[in-house]
Amino acid sequence: MALIVGYLVQGCQMLLILLLAPLLTGWVRTLKARLLRRRGPSVLQPYRDLFKLLRKEVVLADSASWLFRVAPYLIFAALWVAAALVPTFAGGLLFSWTADLIAIVALLGTARFFLALAGLDVGTSFGGIGSSREMMIASLAEPAMLMMVFTLSLLAGTTELSSVARFMLTADVGLRVSLALALLALVMVAIAENARIPVDNPATHLELTMVHEAMVLEYSGRHLALIELSASLKLLLYLSLLGCIFAPWGMATAGAGPAAYLGGAVIYVAKLAFGGVLLALFETSIAKMRVFRVDQFLGAALMLGLLGALLLFVSRSL
Amino acid sequence: MSLPLLLGLPMLLLAVGAYAIAAARRPDGGRQVYGIALFVCIVLLALALGHLLAGRAPTTLTLPLGLPWLGAHFRLDALAAFFLIVVNLGGAVASLFALGYGQHERAPERVLPFFPAFLAGMNLVLLADDAFTFLVAWEFMSLSSWALVMAHHQDPANARAGYLYLVMACFGTLALLLAFGLLAGPDGGYDFATIRAGTTSPGFAALVLMLALLGAGSKAGLVPLHVWLPLAHPAAPSHVSALMSGVMTKVAIYGFIRIVFDLLGEPVVWWWGGVVLALGGITAMLGVLYALMQHDLKRLLAYHTVENIGIIFIGLGLALAFQANQMYASAALALTAALFHVLNHSLFKSLLFLGTGAVLTATGERDMEKLGGLIHPMPWTALAFLIGAAAISALPPLNGFVSEWLTFQAILISPELPQWLLKFLVPAVGALLALSAALAAACFVKAFGITFLGRPRSPAAATARETDRYSLTAMFVLAGLCLLAGILPGLVVDGLAPVVGLLNGSARLIPQHHQPWLTLVPVVDVKSTYNGLLVMLFMALSGFGAAWLIHRLASDKVRHSPAWDCGFPEANPAFQYTAGSFAQPIRRVFGSIVFQARERVTMPPPGDSRPARFKVELHDPVWERGYAPIADAVVALSSRFNYLQYLTIRRYLSLVFGALVVLLLGMVLWR
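If you're matching them up, the sequences are chains A and B in order. What the first sequence shows, in the numbering used here, is residues 8 to 325, in sequence order. What the second sequence shows, in the numbering used here, is residues 1408 to 2078, in sequence order.
Honestly, the hints are just simulated from the structure, not real lab data. Honestly, I wouldn't trust all of these hints.
Claimed, not checked - Computed list of chain A residues with no C-beta within reach of chain B, every gap over 10 angstroms:
no. : residue
1   : Leu15
2   : Pro48
3   : Arg119
4   : Met154
5   : Asn208
6   : Ala294
To be verified - Here are the simulated distance ranges between beta carbons:
no. : chain 1 : residue 1 : chain 2 : residue 2 : range
7   : A       : Gly270    : B       : Gly1457   : 42 to 50 angstroms
8   : A       : Gln303    : B       : Trp2030   : 23 to 31 angstroms
9   : B       : Gly1457   : A       : Leu269    : 51 to 59 angstroms
10  : B       : Cys1973   : A       : Gly47     : 23 to 31 angstroms
Just so you know, even glycine gets a beta-carbon here, dropped at the ideal spot from N, CA and C.
Start from the sequences and build out the full structure, keeping to the hints where you can.
Here it is as structure tokens:
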């Protein structure tokens, strides 16, 4: 019985994040529009876009290969699994030990690998420029993220996220320099990985500023819907990650019962909403930087992450 | 019992090599030689696998060969058995591939006799149990692979690669010779049992470590001794490149492990680990950066071997550091990570080289800038290469990720190390490892994307054909093993346990196959776990589920049309991104520091119809700062003494007399 409930709760979490992801994207878009004194589309617009795209036919470039058609499903699968492994409303779920934080980072890498390949598949200059820049950004963002993982793991003694979240709730965490550095590094990586301003602009099709949008330029119909959904899932993943590590309050424990789960879910949605507000505020208050500034931005994130880890190697109390 | 058979089979390979001299010119000669090599490798593989999995005790054998007062000692233990598996798996797959690929060989008489000899040499290195046999087998392996590198020596680049390889191989063997000399001591106990029983003074032990790093490191491709590797590995025929890169570098790793972990034994000094760790980190980082700058597919793969050797040495360095501090449980994790990566790298690097061989047969081209779109004519080769590329980029759920994950876990338990230098070094090496993993992914997006995706950039690429069945079978065997080792890592770790126990004072990881769902649990109280099987299952479920639901409920229609490209599609394939342009952002970010990369654009004035020129300038720091000065000094010195070649007989005689007097005087003064 407990096993079936465990499966159910795990399934609920997977469905929840899938359903919430477009809402989060819509929420950030609406907020940004309001901040710019525009009315903006409804919060539900991403759902409508997805349904519209799903029903449309796919326009496939003549030079596209089987990889181009398989990649959206692979990317979606990798990102969904990765996002589902981040604790949201409850920690210690049935399959939470399947992959630790390092594996989640690597799953994001799998998704990125295939997205970059899909960008190169049709053989256009835009796809290439997007792929090439995406891999440059990732080559700095992924190590920065791993350094953040190091810091956490040295503190919590594990890379498994539920245990990390549980550790962060205990009293012996306290205020630490290394955690502040890790938080900063993670936020910077999250901005870069989700193609947000100032690294990339999610709303533009202006050729020279785009990275993510250039890669997916040839996609249409259901493939594009999956890619968009994956991008939303990725944003949700990073916000959940920030929430579960740096604001783990209100998370239910495994087997706590439906009421606790519901409470956890409400708090989780509130955390996401707050994260969305912060992101929208940040994005409207800053200008996009040119591409060869990104390496300095992410290099700083890498150094911050490394510094945090180094401090902990030197002394566990920092 | 199996040791005589294990020894007999390499001898059979040698005989096949001799037979191949006669058979090479016959049309079916290649088939016979590769067929027998395949069979022998499979038998050797089965014997070694049986020894390792049954956990048998080491067996020894002494033959009255070699030096009369020493004899030839052979021994089969868990370490040798594991490396025998790596060697013969690679050998079997390369032979299978060559059953098809070898048909295209222009000069079979230059390849066939040396291929079985090369395999025999590698097997004998692993079985040798005294310094003399070890070095003879080592040299045999070096020379037969040199002959294979020189198979197409008419190309001046290949001849140069062969020369450099020969110089570096001699240098490496010299270092090993000196290391064994120090280990054997003044009494000359050259068999490994005597060396193991004896002790070496700390100063000599450190010297042995350095010599082992030079000797085995130069064969494995440790920076800065790697310079020959990216030239020599690509010069050989592709199935031999796969063996050299995927397997021979592992024999070098075996040499290092045998000398440092087994023969040298305890006590280990802590800074040894630091040295190996730092070298490993630098090698990993520089290797992948070099690889990113290459547009020659085989050379790119060869530089990637350098990177992976770095990753293996990071694991070995951590293990040494832990052993020096008596932290054997942690050392077991680091050693398992290193050995797991040895196996993984032999799988995916062989696979990638074989895939390149298939591309080479189909197009005659190794330059990525002239390839492209090969996924359409060669879908199966592309799939196999893609699996290899994803595995080497450490993407879950494939095998490359597991060994990197284990290495990361080993790094994460290292703050317990008491030495301050190590406390600073380990996170820095961790950052280098993370950087090189991310850059490897970028590199293989480039390698696969430019070669197989997009549109063909040359007529040769446009008219390519899928490769033969043997080659495809060989590639898919390796691809399947990459996936299996990735989703069932616990079984591999259990298989490695006897090896780790042998090298680590019998401390090993806990058995993994009892864990629920075959989860990988390296350290019990740390609770960091990874389950490749479930990750794979979840991904398959969500991916196929999404595809099924969408095709069923939404739309499954497809319309074909020209590419959109933001409204400006261009028919000329030269408008695609090239390998050079793909690497440009990374070249600018990392290369401007490491390689002093400079880009120059010369634009003609307006109205002038000459084309604009774009030139990239790269400097190889290791070659220009390290090797070129030495080579220049040697040339200067030898040209200065050149006149000694043209003396009269009287002068030569007086020189001999003078030398004799000086030596005798020296002896008198020495006493």
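Kindly confirm whether 23 to 31 angstroms is satisfied by the beta carbon distance between Gln303/A and Trp2030/B. Roughly 30 angstroms apart at Cβ, these two residues keep to the hinted range, so it holds.
Is the Cβ of Leu15/A farther than 10 angstroms from every Cβ of chain B? Given a closest Cβ separation of 16 angstroms, the condition holds.
Using Cβ atoms and 10 angstroms as the threshold, tell me whether Met154/A really stays out of contact range of chain B. The claim breaks: Met154/A does not keep its Cβ more than 10 angstroms from every Cβ of chain B (closest is about 6 angstroms).
Return holds or violated for the Cβ distance of Gly1457/B and Leu269/A against the range 51 to 59 angstroms. holds (57 angstroms)
Starting from the hint 42 to 50 angstroms, judge whether the C-beta atoms of Gly270/A and Gly1457/B obey it. violated (58 angstroms)
Using Cβ atoms and 10 angstroms as the threshold, tell me whether Pro48/A really stays out of contact range of chain B. holds (22 angstroms)
Given as non-interface: Ala294/A, partner chain B, CB spacing beyond 10 angstroms: holds (21 angstroms)
Verdict for Cys1973/B, Gly47/A (Cβ pair) under range 23 to 31 angstroms: holds (25 angstroms)
Was Arg119/A rightly flagged as not at the interface, with every chain B Cβ beyond 10 angstroms? violated (7 angstroms)
Could you check that no beta carbon of chain B comes within 10 angstroms of the beta carbon of Asn208/A? The claim stands: Asn208/A keeps its Cβ more than 10 angstroms from every Cβ of chain B (closest is about 15 angstroms).
Hint compliance for this structure: hints 3, 4, 7 are not met, and every other hint is.
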